[in-house]
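Those sequence lines, one after another, are chains A and U. Numbered by the working numbering, the letters in the first sequence go through residues 1 to 417 in order. Numbered by the working numbering, the letters in the second sequence go through residues 418 to 687 in order.
Bear in mind the hints are in silico, worked out from the structure with no lab data behind them. Predicted model, so just to flag it, every value in this text is computed and none were measured. Treat each hint with caution, since some may be false.
So the derived list for chain U, only partly shown, Cβ under 8 angstroms to chain A, looks like this [to be verified]: (1) 423; (2) 482; (3) 526; (4) 674; (5) 685.
Every residue, glycine too, gets a C-beta built ideally from N, C-alpha and C.
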Amino acid sequence: MSDAWAVRTTDLGKRYYLGEGEQYLALRDILAGVPRRLLGRGARAEPDSLWALRDVDLEIPKGEVVGILGRNGAGKSTFLKVLSRITHPTTGSVEIDGRVGSLLEVGTGFHPELTGRENVFLNGAILGMSGNEIRNRFDEIVEFSGVSEFLDTPVKRYSTGMYMRLAFAVAAHLEPEILLVDEVLAVGDAEFQRRCLGRMRELATAQGRTVVLVSHNLDAVSQLSRHSIWLDHGRVRDTGPTPEIVDAYLRSRQVGTAPGEWVDLEGRTRSTGDEVRITRARITVNGAPRVESNEPLAIEFDVEARKPVTLGGAMARLATIGGTRLLDAGTTEGPSIELPAGASRLRIELDRLPVAPGSYAVDLVITRVMGSGRKRGVFDLVEGALDVEAHATDASPAIDALVPVEAKVATVEHLGD
Amino acid sequence: MVRITPPSSWPGVNWSELIGNRELLWFLTWRDVQVRYKQTALGAAWAILQPLMAMAVFTVVLRRLAGVESDGIPYPLFAYAGLVAWTFHSTAVTQAANSLIMNERIIAKVYFPRLLIPVAAVGAVLVDFALAAIVLGVIMAIYGVAPGAEIVLLPLYLLVLFATTAGTGILLGAVNVRYRDVRYLLPFGMQMWLFASPIAYSTSLVPEAWQPVVAINPLVLAVEGMRHALLGTPAPSTAVTITGAIGATLFLVVGVKVFRRFETTFADDV
Chain A
1 MSDAWAVRTT DLGKRYYLGE GEQYLALRDI LAGVPRRLLG RGARAEPDSL WALRDVDLEI
61 PKGEVVGILG RNGAGKSTFL KVLSRITHPT TGSVEIDGRV GSLLEVGTGF HPELTGRENV
121 FLNGAILGMS GNEIRNRFDE IVEFSGVSEF LDTPVKRYST GMYMRLAFAV AAHLEPEILL
181 VDEVLAVGDA EFQRRCLGRM RELATAQGRT VVLVSHNLDA VSQLSRHSIW LDHGRVRDTG
241 PTPEIVDAYL RSRQVGTAPG EWVDLEGRTR STGDEVRITR ARITVNGAPR VESNEPLAIE
301 FDVEARKPVT LGGAMARLAT IGGTRLLDAG TTEGPSIELP AGASRLRIEL DRLPVAPGSY
361 AVDLVITRVM GSGRKRGVFD LVEGALDVEA HATDASPAID ALVPVEAKVA TVEHLGD
Chain U
418 MVRITPPSSW PGVNWSELIG NRELLWFLTW RDVQVRYKQT ALGAAWAILQ PLMAMAVFTV
478 VLRRLAGVES DGIPYPLFAY AGLVAWTFHS TAVTQAANSL IMNERIIAKV YFPRLLIPVA
538 AVGAVLVDFA LAAIVLGVIM AIYGVAPGAE IVLLPLYLLV LFATTAGTGI LLGAVNVRYR
598 DVRYLLPFGM QMWLFASPIA YSTSLVPEAW QPVVAINPLV LAVEGMRHAL LGTPAPSTAV
658 TITGAIGATL FLVVGVKVFR RFETTFADDV
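With the rest of the complex left out, here is chain U (with noise of 0.2 angstroms):
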């Protein structure tokens, strides 16, 4: 038996309902996979190139022009490594926060849990951080550079990676279809965030007593996170994860509740 009322106004997330429409997840996911590839000419290649050419460039400006420093890895690995995590964070957030317009014919139809739509979008871009994960596997093995047991702390920096990504894509799905200024200020907004973030250079270069401060970006925490367990570069400090853990949480909670009040409205605004 299903009751349906007016909507409260911060709604809570229906967990169960979630967990009961993980193949329609799947499905979704699934979709926008094909769909991205079927449409490209390049197809699955842009997964390993949009970083690929990003490190060259990086390599050439900030490393030989600029002589930026890299915890003493080579720089080209160094800024791979980061490239990775980046470009499954702005590609993903760019996808889910344009999912529910694409989709807005399907929001007026059917009725599903709308959460799904931003997830799967993130989901989708997962295939291409495998592939370019991959291609990060070989440039290690390339520089000789084998990770040491650091690595059993990745699944955990990959949380707040996700937790990070997924938290702001479903954020700016929800407020996109109400405010479509999103659209603007999207592009602007991720290039600056690439500049807050450590991906071209290393935390280190910042001074100490600023480094939590920084922190407040997750993606700080997740990307110096990777390259310790991966690379076996210096450690995140305390204040570092604590902030970044807090900051990633904040983000998926945040990103969570603005989408559930929005949703409310969404078939009336689409």
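The following block holds chain A by itself, in its conformation from the complex (with noise of 0.2 angstroms):
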């Protein structure tokens, strides 16, 4: 069956040149370089690259719901960038067989002078819906969102949350054949993941849908997804069934950063971080050599502001291996603060680890602050930042899987004898 792919692709590279400092060049760059060209001295030093995807060979199969994992920089997010065609591949090709639909961000090309109501109509078009198509879907979004009395108001007066709805709405209404969806379920409320998972599950158990779907939430792909691509290091290092795939992704972690060990995050891909960076963290813990369960622990984190800023709040936010949240241990109201420009170093302090002994992930985040006016409130977030590894303690009482949490036990009724 010559069609049983929706994707393929052959040897498929990418290579990225990295820039020093500067994000983009200035014409003065290239003047200066002349000279030198012309006396041919020096020749031309070939620039930093890193092949973000290199030998990528896969097919992907129609109609089925395919998880992509790895660690960060392993190639995820490259991937779909080169399948949505949003950036070019240097080697190799990939040839899919559909209509691709891909879904990056919620609401991109969100205006927020337009209605809720005029949005709707440019984000569906720019994610490559016809007039139509979203005419007639339009009740169907507005639904879904639950924003419609908000419908002819400017989204730059909506909150958060109903942004997000509404931006939501619109993807979730998006039916191509082929679906790239990358980390759309990182963002939003428990509520909001809940429903971008049943939809999902929707779409891939609709006829004939392919999606393709990157994320960091092991627990989401897992349900989602019955075979995945293990990507390393802009590698394939393995494909197959995903339990077992996921199973050995997690063998492969390496398990905690060693306390007092500075982390460079300055690589890490993120959409946030323009005018303030979490650059680098650490755990760092009284004493003890590693991290214990139910201890104090410290977080450290440096961060670059470009001009003197204020930060509304940070977080350090635990989360399980396979990325479901536990706690946001820091700030996020307040007090304020005050960050000059340059680089400044963050302490999150926890009188105790509160967790059980495990393999935990922490995303750091520094926010806004709230009430600015400001659409998102988030200045930086480095999604697993760290890894933790709590270890039982020493001293630990004898059931050392339980975390003591204050609650009050008492008999309420008694049921009968």
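Relying on the hints, combine the two individually framed chains into one complex.
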């Protein structure tokens, strides 16, 4: 059967050149290079480059939901960007059989000055829907979003929740033959994530639909996809049934960042961090050589601000390796933190680490001061910034897997003899 | 079936893809119109005020003080006719030059033919152009000037204008993504271009031998032609017409070619 696959890649490679410092070139850099080139001196030094994808040969079968796993920087997002034609491959080729819709972000193209209604049309068109498709599904989209009363209000007056709901409603009604999804589940509250998952499942079970799903949330990938692809340093490390791949992937992860050791976060991919950027982080523990459950713990991280800013809060978000969030340590609502331009170090201290022994991931978040009229409250967010391996303390009580949380215990009612 | 491969260094234009996305072009144009007017206090009135105010300044400075001739047409009308074209050109080129940077989030997250972005930016300014053109009709009526049979040529001269404007905007938009110098060059460059175009003066002031040379700037043909079609001033000479038509075609072709070449790295550059 020749049409068994929806996506096929052959020798696919993508190389990025790593610029230093400046994000973009100015003409002077080119001009400055001219005399050197004319004199033939120093030839042209090959700039630093990085293969974000290398020798990727894959077939994604029609009608399957396929998960893509891998650490930060493994090439997952680049893979989706190449598939969705946002960026070009450097080598090899991709063949795609079917209409592609990509969802690398919800609300792409939303304009704050336009009303909810106008944004539905604009966003739908940008995501590849025709005017007729949008008109036909308009009522459904509005219904799904639950913001019908505010349709004629500019979205700049929406709360973050309303904004996300409307944006996702449009995305959820995109019905391409091949859907590429990146980390959409990482945003929003629990209810929002639940709806995203539900909608993904609907799409997945719908006839003939192919879904390629990238997520840090292994639990979500496990639930949705039967097969997964594991990318490692731009190469395909393994493919197969999801449970096996997830298992192998989890086993491969280094266990815990050693206390005191700085982890460089500068190069981590993220869509935030323009004004203030988290550059590195570490875990510190008083005295102990390892992180221990129920014992004090501090997380230190350095931030680099382009100009003086005021932080509304800083948080370390603890999640299971599977991606299920457990707790947020830090502040969200003041007191605000004044940062001068340049580098500063922040420290989040926990009296105790209230989780059972095991492996956890820490996301770091710094937020804006709320109510400043900004749509998104996040200055910078680094997912999986640190890995924490919480050990049982030697002094643990006999049942060492238990984390004591104060709770009242009482007999409420006698239910009979 | 779509096949994605590494781009060639001078990719051609995928016309069928562009045509397939005409609805999106419409939406992007409509958005640019909406957003521009929603963010201003006077809104669409700017489309008329800008050329009107420039007309007043030109009339006082150039006509009254310097005594510039205007091919027998009342100077304010003469200048306004040129300013309608110029205001469109300079606004549209500026908008298009910044359009890709303004849309960098979209470029980084969704694929569609990138050419739609600067074209939509130029298209949105057509609304201003239409409003300013209506006022031109009013001013013509006030001075009792009615177009003759030459008006049938108007679409051709408009085509020259649009090709020049779109070509320049597309080119600068693409270059701006990689070399942000464009932002600094643009205001100065447009000022020079205004002086090089027969907006406030008539090309008849330029020595005849030099006319084909200045006509390398296709706006010479566009503006003189529009005045000819609407106000009945002398028709542009054959030399000016040929040079201008070739010039306008070159602007468009070079603009699109350079755009397609730069386009392959937009998502990595923004």
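Let me make sure I understand: some of the numbered hints might not hold for this structure. Which ones are they, in numerical order? Hint check: 2 and 4 fail, others pass.
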